[in-house]
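Asks: Each chain is listed here by its residues.
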Amino acid sequence: AQSVTQLDSHVSVSEGTPVLLRCNYSSSYSPSLFWYVQHPNKGLQLLLKYTSAATLVKGINGFEAEFKKSETSFHLTKPSAHMSDAAEYFCVVTHYSSASKIIFGSGTRLSIRP
Amino acid sequence: DAGVIQSPRHEVTEMGQEVTLRCKPISGHNSLFWYRQTMMRGLELLIYFNNNVPIDDSGMPEDRFSAKMPNASFSTLKIQPSEPRDSAVYFCASGDRAGNTIYFGEGSWLTVV
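Going down the list, the sequences are from chains A and B. Under this note's numbering, read the first sequence as residues 128 to 241, first letter to last. Under this note's numbering, read the second sequence as residues 30 to 142, first letter to last.
Hints listed in this document are in silico derivations from the structure and should not be mistaken for laboratory results. Incorrect hints may have been included.
Claimed, not checked - Cβ pair distances, simulated, as ranges:
| id | chain 1 | residue 1 | chain 2 | residue 2 | range |
| --- | --- | --- | --- | --- | --- |
| 1 | A | 157 | B | 103 | 15 to 23 Å |
| 2 | B | 46 | A | 130 | 32 to 40 Å |
| 3 | B | 57 | A | 181 | 38 to 46 Å |
Stated by the list, open to error - Restricting the straight-line Cα-Cα distance to at most 30 Å, the calculated cross-link-like pairs of lysine-lysine (DSS-like) are:
| id | chain 1 | residue 1 | chain 2 | residue 2 |
| --- | --- | --- | --- | --- |
| 4 | B | 53 | A | 185 |
| 5 | B | 97 | A | 228 |
| 6 | B | 53 | A | 176 |
| 7 | B | 53 | A | 228 |
| 8 | A | 169 | B | 107 |
| 9 | A | 228 | A | 195 |
We put the beta carbon where it would ideally sit given N, CA and C, even for glycine.
Just chain B, with the same shape it has in the complex (with noise of 0.2 Å):
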């Protein structure tokens, strides 16, 4: 298997504008995640989803964060718009059905000026 697949895995970009990461996960996994690392706060969960359906966007920052997952095999993470404090390591990792082992992605390392 491939693993969990995430584009790009650098991005620079100007303050204000869009960016949208994307996450392929491993098939067969029912379960999706989305993590943001910093060196300030560590990991943080942003959202997950069950079956493409969001279960739990509690630590989504703030409205000008958002994520879908359209079918099973594909999510984005979008940021809308950017900020400098955006800047962070995003990770996407997936499930496998028992629910309890996830696999993590190489990350997509985000830098705002």
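One chain only, chain A, in its complex shape (with noise of 0.2 Å):
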């Protein structure tokens, strides 16, 4: 069984200031792990994905996210935040095998504090 749970439905942060989304996992497989960030009145756009290659994962807009398997995290994080981030962000397990069973997180909203 897979799921996956982010722990703050909600972060603020100033602009310019570091982000960290936190994401927890659970899978019986090794799996392959996303965010998606949904900016107001659009669709989900991928912004980076792990599928068991580098642990550390680089995506758009400077955003990165390390798979710890150990912790089975997989955070999201950017150095440096920016007014056009606010928006909502999920993590997202899946496994190959298995297209229709991929697990969306409940979203964590960032907003970005001027």
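Both chains come to you apart, so use the hints to assemble them.
Replies: Quick look at the structure:
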């Protein structure tokens, strides 16, 4: 069985400060893990993905995430927040053998203070 | 590539009317998903196709909802008759042949009054 937990429903940071969005997963197999971003009134855009290659994954817009098997975590980080980063972020877990079992986290809303 | 294309982007319809949402997946992708997003329930998987065949439709809310994929480049989601509680954003997504990365369209915003 697979599951994903986003530990914070809302994160607020000041512009220029680091961003940390937390995600923990549970999987019976070696998982594939993703982060998607959804800006207001937009679709979900793929930020980055981990599929058993390098554990530190770099994505678009300066975001990166590190796969830590021992902690079953896949936290999303960015060194310096920008106003345009304000959006909803979804952590996703799946396994290549079952594309229909794509499990979305409940989402984290990121707010950026000027 | 143009990405996943959905139409219409916005639709307002009266209760009882038929609604048809359309999706063109990314060329070469062999899996297609329909999701519904609401504030109350978040993202819900409605149905999943693989090679044009419905594999998992357990998320389809009731018989008023139906989905088809007549060929690899087109899918429809139909609601008949529509009800106000169907108001939501409906997303189509397609998956690459590796089977584990999906790409979303911009969504169809449906309001049933």
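Asks: A separate judgement is required for each hint: does it hold in the structure or not?
Replies: Verification of the supplied hints:
| no. | hint | result |
| --- | --- | --- |
| 1 | 157(A) to 103(B): 15 to 23 Å | 34 Å, violated |
| 2 | 46(B) to 130(A): 32 to 40 Å | 38 Å, holds |
| 3 | 57(B) to 181(A): 38 to 46 Å | 26 Å, violated |
| 4 | 53(B) to 185(A) | 29 Å, holds |
| 5 | 97(B) to 228(A) | 20 Å, holds |
| 6 | 53(B) to 176(A) | 24 Å, holds |
| 7 | 53(B) to 228(A) | 22 Å, holds |
| 8 | 169(A) to 107(B) | 22 Å, holds |
| 9 | 228(A) to 195(A) | 21 Å, holds |
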